[in-house]
Amino acid sequence: MKRYFSFLLLFPSLLLAQQHVKVDFKTANSNLSLNFQKQAVTGTISYEFEVKSSIDTIRIDAINMHFSNVKINKRTVDFKNSGKELQLFKGYKKGKNTISFDYQATPKQTLYFVGEGDGKQIWTQGQGKNTSHWLPSFNDENEKVVFNTTVSFATDFEALSNGVLVNKTIKDSLTTWKYEMQNPMSSYLVMMAIGQFEKQTLSTRSGTPIELYLQPEDVFKFEPTYRYSKQIFDFFEKEIGIPYPWRVYRQIPVKDFLYAGMENTTSTLFAQDFVVDSIGFNDRSYLNVNAHELAHQWFGDMVTAKSGEHHWLQEGFATYYALLAEESVFGSDYFNWQLYEMAERLIAASKNNLVPILNPKASSLTFYQKGAWALHYLRENVGHENFQKAVKSYLQKYQFKNVETDDFLAEINKVSDFDTNKFKKDWLESSVFQTQDVLTILNKSPFIRAYFEVSELRAKPFIEKELTYSNLLKGNAFFPLREEVIYQLQSVSYQEKESVLKLAMQTGDFKVRQAIAKTMDSIPANFKDDYLTLLDDNSYITREIVLNKYWSEFPEERFMILEKSRNWVGLNDKNLRVLWLTLALATKDFEQDKKAAYYDELLDYATPKYESNLRQNAIMKLLFLDKNDQNTLKYLVNALVSHKWQFVKFARENIRGLLKSDIHRKFFEDMLEQLPEREKSQLNRLIIEKI
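Numbering (our numbering), first residue to last: 184 to 874.
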């Protein structure tokens, strides 16, 4: 009886997994309209599909949608809407068929409406099985379709989707954009983004246009944000050996994106946090994310894993090829340093018994970084040229299809007698990280060997290593070696290390100087002037550290340092402006007549019209200034209903902490009845939690 019951529970999912074998959906033509106020999408969709063999029910995944005018082969048909699927029972025949229907949806996820006024945006994030929340499509990544999308929205905005823009029409205040694809892809790669954007276009060596987008106020950030974009594109086409598989490539930053980036076919979306000026480039470069998402256009978009078990074929490859791209820009020492840092993280994680790569429940660390290391180990053992041949053959053979791990390893077997069975067992099926093999490879790098030698100095008395430190700082050693010197100096008294420390300050390397800013617990009087020069470094993070620490340690110079940093803004979260406002409010007698305006500005940054990273930064500073400020608490509660899970977590943790205080518990309880329903519900859950 239990076996029979379990089979019934599994049967629907078995049907879904088997559908693509019996029915092949070929082409989708979608005509979509978006309503920002209602946060809704309406559309008309037609699919061309082929029935290969007899099937009782054809399913199209669609979460909480309403359907009408459903026709198969131009005839109206009955259908069932399960709330998760559009189910079709008749009207189709063996061979070629068409289906068309109208639909509407108000998605609770995957299609996001952010911002307000001219700054509003709409964007999608379909990774996994989520596109079916806004577009009737297919959760099964093995069902690949040519998606053509037409979008209508207000003329003042730009609407972007997958593929080439083939037509744009304007009628009154409404613009319609029509995009076409030539080759099929999995549904999770369908995208849409609407906002006010400026565009610049680059042309690659092979002639593919790269369209780069930014918000109008960020136009001066085009070069630093997209630095090296053409170089890494050209590098990939040469290194991979397969031309870019699509006709256009575009990159669009969006507000409050859930992750760093997403490799939608032809059109990567990425977080606004990576939009930087020339100084911000030193703190938060988009380069690695840029290369990672571009690599996915081959590994994931063109050739897609059959299931989660083989997810490393996408993320491991994208992570590794992003490193290869960075190596082409920054050199082999940088490449080996990144591999070393990955290995450090994996060794630490392996103590808790990592889930193997070939397991759909493996962590991102495993899929991405252990996957990358597995490929590096493989490349080092079969040889770079053989590896390149195998990858090229693998991509050619399975282009626009789905794959599993053995498909890739079979191509390795054709070019090498390397034991792929042992490789699979040791690297892909084992939870153990192959530390000894990794160290053997890392030790091939002279830089890594030098780093290990410097690391071994930690246990020696300062007097025995002072000369070595000085020589490293005077030379042209790659920055991690000189950073390591600074970290080792942290426990040494200032009197002993003064000459070495001042030598480090003279290197001009902002990373070495930032390490000094991070590691100095206090600032000796005779080092104060040197320390103050860090405020002029080309790093907003360094400036933030120094501004905060200098203000704390030298109260008599607060007016001076506030004046020096008055007009600073910083990164996307306005890290310097928010800190400046906080310090200005906390500095006694500083511009008393302007404190109300400074408070209003800081509080404004906590409101929903801004991105969550800025809001969180402002809320933290406001709580630092006054935990009893009920204006701040109101915006902390509002964060509970954000779509950004990281921001929600921040709000929950802070509210839970405040609820331990009777006075704050009363604040929150009194607030309940005045809150919108969603905020009220979320706050009440926290209030009634057991302490």
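Where hints are given, some of them may not hold.
In silico SDA-like pairs for lysine to any residue, Cα to Cα no more than 25 Å straight-line [what the hints assert, rightly or not]: (1) Lys544 - Asn325; (2) Lys303 - Pro426; (3) Lys843 - Ile871; (4) Lys361 - Lys273; (5) Lys221 - Asn325; (6) Lys580 - Ala593; (7) Lys254 - Ser229; (8) Lys273 - Thr227.
If you're looking for bench data, these hints aren't it; they were derived computationally from the structure.
Hints and how they fare:
With a C-alpha separation of about 19 Å, the suggested pairing of Lys544 with Asn325 holds against the 25 Å cut-off. Among the hinted pairs, Lys303 with Pro426 is inconsistent with the structure: their alpha-carbon atoms are about 36 Å apart, more than 25 Å. The hinted pair formed by Lys843 and Ile871 meets the criterion: a straight-line CA distance of about 12 Å does not exceed 25 Å. In summary, the hint linking Lys361 to Lys273 is not supported, as the alpha carbons are separated by about 31 Å, beyond the 25 Å threshold.
With a C-alpha separation of about 33 Å, the suggested pair Lys221 and Asn325 falls outside the 25 Å cut-off, and the hint is violated. The suggested pairing of Lys580 with Ala593 holds, with an alpha-carbon distance near 11 Å, which does not exceed 25 Å. For the hint linking Lys254 to Ser229, the alpha-carbon distance of about 9 Å falls within 25 Å, and the restraint holds. Annotation: proposed proximity of Lys273 to Thr227 holds, straight-line Cα distance about 20 Å (limit 25 Å).
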